[in-house]
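Trainee: Take a look at the letters that make up each chain.
Number of protein chains: 4
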Amino acid sequence: MIRHTLMVNCPDRKGLIFDITRILLSHELNIIENDQFVDTDSNKFFMRTEFTGSFDSGRLYSDLEESLGREASLKLLGSRKKNIVILATKEHHCLGDILIRHFFNDINANIQAVISNHEVLRELTEKMDIPYHFVSHENLSREDHEQKVMTILNQYNPEYIVLAKYMRILSPSFTGLYPGRIVNIHHSFLPAFIGANPYKQAYARGVKMIGATAHFVNHNLDEGPIIEQNIVHITHKESAEDLAKAGRDVEKIVLSKALQLVLEDRVFLSGNRTVVFR
Amino acid sequence: MIRHTLMVNCPDRKGLIFDITRILLSHELNIIENDQFVDTDSNKFFMRTEFTGSFDSGRLYSDLEESLGREASLKLLGSRKKNIVILATKEHHCLGDILIRHFFNDINANIQAVISNHEVLRELTEKMDIPYHFVSHENLSREDHEQKVMTILNQYNPEYIVLAKYMRILSPSFTGLYPGRIVNIHHSFLPAFIGANPYKQAYARGVKMIGATAHFVNHNLDEGPIIEQNIVHITHKESAEDLAKAGRDVEKIVLSKALQLVLEDRVFLSGNRTVVFR
Amino acid sequence: MIRHTLMVNCPDRKGLIFDITRILLSHELNIIENDQFVDTDSNKFFMRTEFTGSFDSGRLYSDLEESLGREASLKLLGSRKKNIVILATKEHHCLGDILIRHFFNDINANIQAVISNHEVLRELTEKMDIPYHFVSHENLSREDHEQKVMTILNQYNPEYIVLAKYMRILSPSFTGLYPGRIVNIHHSFLPAFIGANPYKQAYARGVKMIGATAHFVNHNLDEGPIIEQNIVHITHKESAEDLAKAGRDVEKIVLSKALQLVLEDRVFLSGNRTVVFR
Amino acid sequence: MIRHTLMVNCPDRKGLIFDITRILLSHELNIIENDQFVDTDSNKFFMRTEFTGSFDSGRLYSDLEESLGREASLKLLGSRKKNIVILATKEHHCLGDILIRHFFNDINANIQAVISNHEVLRELTEKMDIPYHFVSHENLSREDHEQKVMTILNQYNPEYIVLAKYMRILSPSFTGLYPGRIVNIHHSFLPAFIGANPYKQAYARGVKMIGATAHFVNHNLDEGPIIEQNIVHITHKESAEDLAKAGRDVEKIVLSKALQLVLEDRVFLSGNRTVVFR
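Chains as they are written, first to last, in the numbering used here: chain X, 48 to 325; chain S, 48 to 325; chain V, 48 to 325; chain U, 48 to 325.
Isolated chain X (complex conformation):
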């Protein structure tokens, strides 16, 4: 049976769950999985419902809108695969993991293309039957380079853009075009090291673990709402280079997990936070 997902996000008030379930019931839909959360700071209500049954989506929308008001954000999703475009640079670990999952139909996405500012990843990408676009940044201003990338993105019009170790800083005018639609992965340290060469800084203080953070991108590239995080333990024996290597393993797992959550419509944005219904 086909599962549908309803995602609701609106100001909290008494009786919301009652109202929403009443409407679903009146359409004779069968709820399979249901999660809610109230962010008491912002007084926002979040609800994700998976249900089965056949229904008139126009009527369902209008019933929900009537009850929830104009401030409500509603998404009614089938199980159709999402279109995504991946941006990468030279590192293969995140891209490779996603491509393999895609090749075996293990990810709820249709990878439309890979865009890179280098040629290193072309061979793998094309072996996996995905178009590869090389957009060199050499001799281009950031603005001009982004413009070229955007032109390609516009051809595909993806629902999500995945930064799989894309090592270029994106300008706010770029990221502003895709609010809540760009997923990035970056290394994380406990405690954090800011500035150039964080692996060297981390090594210099003898950190005992390194991590990875997958997050949505906002105007400030590395500071958007966090979707998923994890770490691996390391020891003094590991060089700054070993740290980077260990970091890659955790990065790929964290990014793939974050993507799975996003692509299954399990992640809400709530200001600078995420609400993740696993």
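Hints listed in this document are in silico derivations from the structure and should not be mistaken for laboratory results.
Remember, it's a predicted structure, so these values are computed and weren't measured experimentally.
Careful, some of the hints might be misleading.
One copy or any two copies: either way a pair holds, since identical chains are not told apart in the list.
Below, computed lysine-lysine pairings styled on BS3-like, alpha-carbon distance capped at 30 Å [as the list claims (entries may be wrong)]:
#1 K129 x K284
#2 K247 x K91
#3 K304 x K174
#4 K91 x K292
#5 K128 x K61
#6 K91 x K174
#7 K284 x K137
#8 K292 x K304
#9 K195 x K61
#10 K122 x K304
#11 K129 x K195
#12 K61 x K174
#13 K247 x K61
#14 K284 x K174
#15 K174 x K129
#16 K174 x K247
#17 K137 x K122
#18 K247 x K128
#19 K137 x K195
#20 K122 x K61
#21 K247 x K137
#22 K284 x K122
#23 K292 x K122
#24 K128 x K195
Chain X is already provided as a structure; the job is to place chains S, V and U on it using the hints.
Mentor: Chains S, V and U alone, transformed into the frame defined by chain X:
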């Protein structure tokens, strides 16, 4: 059979392991456990050896010094418990964990006293038969307060000072008196949040894990060489207060583990890093 | 504002969330946190709701019962602390952790007593102002020993019994008296080792991690529904004794976490499984 | 500079480290990394040394043999990639991870071939430029099927055989041919479930984590010496199928990590245990 530990730290050169094991062999000592590490950045050699056998420690020292030269740092340790003093403020989780382990003889330390700038932890401490010194910081300059704490520390002359959630910033003139001898625990976030109220900042960005870092204190309170780290996973459902609570559980485990390593002479300082032979 | 918790467990049918939220709304209650789960294997519905507001509990119960039918299991809970009795033997790590949390009011329980078949833990328990009952098993049949323990339990009539490393096997006639009310902790290995001395078996195969499992006790002591699990990593350097030591640290954390979940009414029994709303 | 690795395994006696480092020094070799371990149960000594320098390997061997005696097992290894053959069935996660690492030269191995009893993984394997051998087990006795697999293995004569979710039970007469040379991955549960369909059993008891164990294969397929283990946390919301999916992610990471350790000559066999120098 009594185990002895030799800790050697000296500039690296060819033949060091050979020379040290030759000397131990010439004293008819039996090596049980042996670890070495060369920090190739600083060209420093670290070796920790546990052995059994009876020996003349004066002769052993002089044989080692003759072979390793004047730059070598040598420590020859029996299994005697280390004297420690604990500084705490109001939170009980780290102190409680250490006191219970001490009560049942499960930690290689003799807790000489607890010093606190509040009275909250007196009852527990005294129930566990440990002297408790209340040194209020009220109406005192940082300098004067630290002077009072130092006076008490001088009575006990501990080998290590443990900051078990001691919420006062220690001045460099204090920490400089105990180089490599103060162990601190502090919360850590991925990525880190700097400034006031880190739990609120972490909550505001929706972090999915929080951590703890145990480290030696240097002139910069929260930035000394890291001994041990760990994390716990959290979700959007957890408030800033829940984050602090989850943080406490990981803090107590990380601090107790770091202490165990330090008290068993398994931790070397190497510049701003540690070498930890587990 | 006082929080109340409603726990519902009944056969699944369409409209349950609607019906329950309708009733809560009709009593003018304000839902703070709400979780549901449908076990599709058993067709059972589970719902946990935290709400605020003043209400007539008799009327609320009867409204719910009328709607949900006679097969529904309903619990309406205030935030009153639960009465618990702890059974232990000689090991202090789990008991100590619980006692410290209790001493500082950090656990939603009132520890009525500790019962042990040894005297080792008396001193700590009494320092923490908890009655200690020594019930030796020597020269007693299992039946007679359990009878004596039951007599003490009956004095206290606890809501939950916590086996904090209680090393006696409980007979089905004992455990049958407290269905879903006994929480146990036991070591776990990946893969499991059955029979005597599991730490030795685990050591002999060179396991690289050991774990702990907190669970409800059913007729078969170590096989009831699992509440919480975790592991720590180990290496070849650790002896069978070290494994047991590492096991103790993870046992205490897992048991305390499981207790927190149970004592906050976050755990449902579903056949031989648990549904845990964190 | 080329690194060489010496692996020594012999009965323990006084002076072994001294003797070995003396010999390395006499050949003017420079030790970079050095690990030892004494298994006090079996009285076996293990040492792994990485060093640089040019030497006459025949003379070095004979010097070591003379000093360490005939019972010593010695391996002197360059950094040449190891030849491996992978056996798989239908699942792609472990194979895909290894193939991607191999494609980008990120694993110290030369994958000679993939052998499978199904055709599912041919396309991916051949895209990655690795020969694929389909050996159907249909209408064949176990003996005859293994014979066919062995014939192919003999063509390649690999140093290690990797079972990347090879779902056929190997007979002792097969595994006996490659002692300490077959690496397998299998799911693990805490506590373990024996018999058919472990994911269903684990689900039925509501486990809160699942794991994976990479190990050498001995006569008893799933019970050889453990190399590496890890787990992921799960909840009651995850079906038996979700458990299997979560299991796949941890399986691929654990197998790849175990392979890295084996292929860098960091793993010793010690009876039914491993000694792993990370």
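Trainee: Taking the hints in turn, state whether each one holds.
Mentor: Results of checking the hints against the structure:
In this assembly of identical chains, the alpha carbons of K129 and K284 lie at most 30 Å apart only when taken from different copies (24 Å versus 43 Å within one copy). When the C-alpha separation of K247 and K91 is checked against a cutoff of 30 Å, the pair qualifies only between copies, where the shortest distance is 18 Å, while the shortest distance within a copy is 41 Å. Taking the shortest Cα distances, K304 and K174 sit within 30 Å of each other both inside one copy (24 Å) and across copies (26 Å). In the homo-oligomer, the alpha carbons of K91 and K292 lie at most 30 Å apart only across protomers (24 Å), although the nearest pairing inside one protomer, at 40 Å, exceeds that limit.
Taking the shortest alpha-carbon separations for K128 and K61, only the inter-copy value of 28 Å comes in at or below 30 Å, while the best intra-copy value is 35 Å. Taking CA atoms no more than 30 Å apart as the test, K91 paired with K174 passes in neither setting, with 46 Å inside one copy and 47 Å between copies. In this homomeric assembly, K284 and K137 come within 30 Å of each other (Cα to Cα) only inside a single copy, at 27 Å, whereas the closest approach across copies is 37 Å. Proximity of K292 to K304 under the C-alpha cut-off of 30 Å is found in both arrangements, the shortest distances being 19 Å within a copy and 12 Å between copies.
Within a single copy, K195 and K61 get their C-alpha atoms no closer than 49 Å, and across copies no closer than 52 Å, so neither meets the 30 Å cut-off. Within a single copy, K122 and K304 get their C-alpha atoms as close as 22 Å, which meets the 30 Å cut-off; across copies the closest is 36 Å, which misses it. For the homomeric pair K129 and K195, the shortest alpha-carbon distance inside one copy (23 Å) is at most 30 Å, but the shortest distance between copies (44 Å) is not. When the C-alpha separation of K61 and K174 is checked against a cutoff of 30 Å, the pair qualifies neither within a copy, at 54 Å, nor between copies, at 48 Å.
For a Cα distance limit of 30 Å, the shortest separation of K247 from K61 across copies, 27 Å, qualifies, whereas the shortest one inside one copy, 52 Å, does not. For the identical chains of this complex, K284 and K174 are neighbours neither inside a copy (37 Å) nor across copies (37 Å), given an alpha-carbon limit of 30 Å. When the C-alpha separation of K174 and K129 is checked against a cutoff of 30 Å, the pair qualifies both within a copy, at 22 Å, and between copies, at 25 Å. For the homomeric pair K174 and K247, neither the shortest alpha-carbon distance inside one copy (35 Å) nor that between copies (37 Å) is at most 30 Å.
For the homomeric pair K137 and K122, neither the shortest alpha-carbon distance inside one copy (36 Å) nor that between copies (37 Å) is at most 30 Å. In this homomeric assembly, K247 and K128 come within 30 Å of each other (Cα to Cα) only across copies, at 28 Å, whereas the closest approach inside a single copy is 40 Å. Proximity of K137 to K195 under the C-alpha cut-off of 30 Å is restricted to the intra-copy arrangement: shortest distance 19 Å within a copy versus 41 Å between copies. For a Cα distance limit of 30 Å, the shortest separation of K122 from K61 qualifies both inside one copy, at 21 Å, and across copies, at 22 Å.
Taking CA atoms no more than 30 Å apart as the test, K247 paired with K137 passes inside one copy only; the shortest distance there is 20 Å, against 36 Å between copies. For a Cα distance limit of 30 Å, the shortest separation of K284 from K122 across copies, 22 Å, qualifies, whereas the shortest one inside one copy, 50 Å, does not. Taking the shortest alpha-carbon separations for K292 and K122, only the inter-copy value of 27 Å comes in at or below 30 Å, while the best intra-copy value is 39 Å. For the homomeric pair K128 and K195, the shortest alpha-carbon distance inside one copy (26 Å) is at most 30 Å, but the shortest distance between copies (42 Å) is not.
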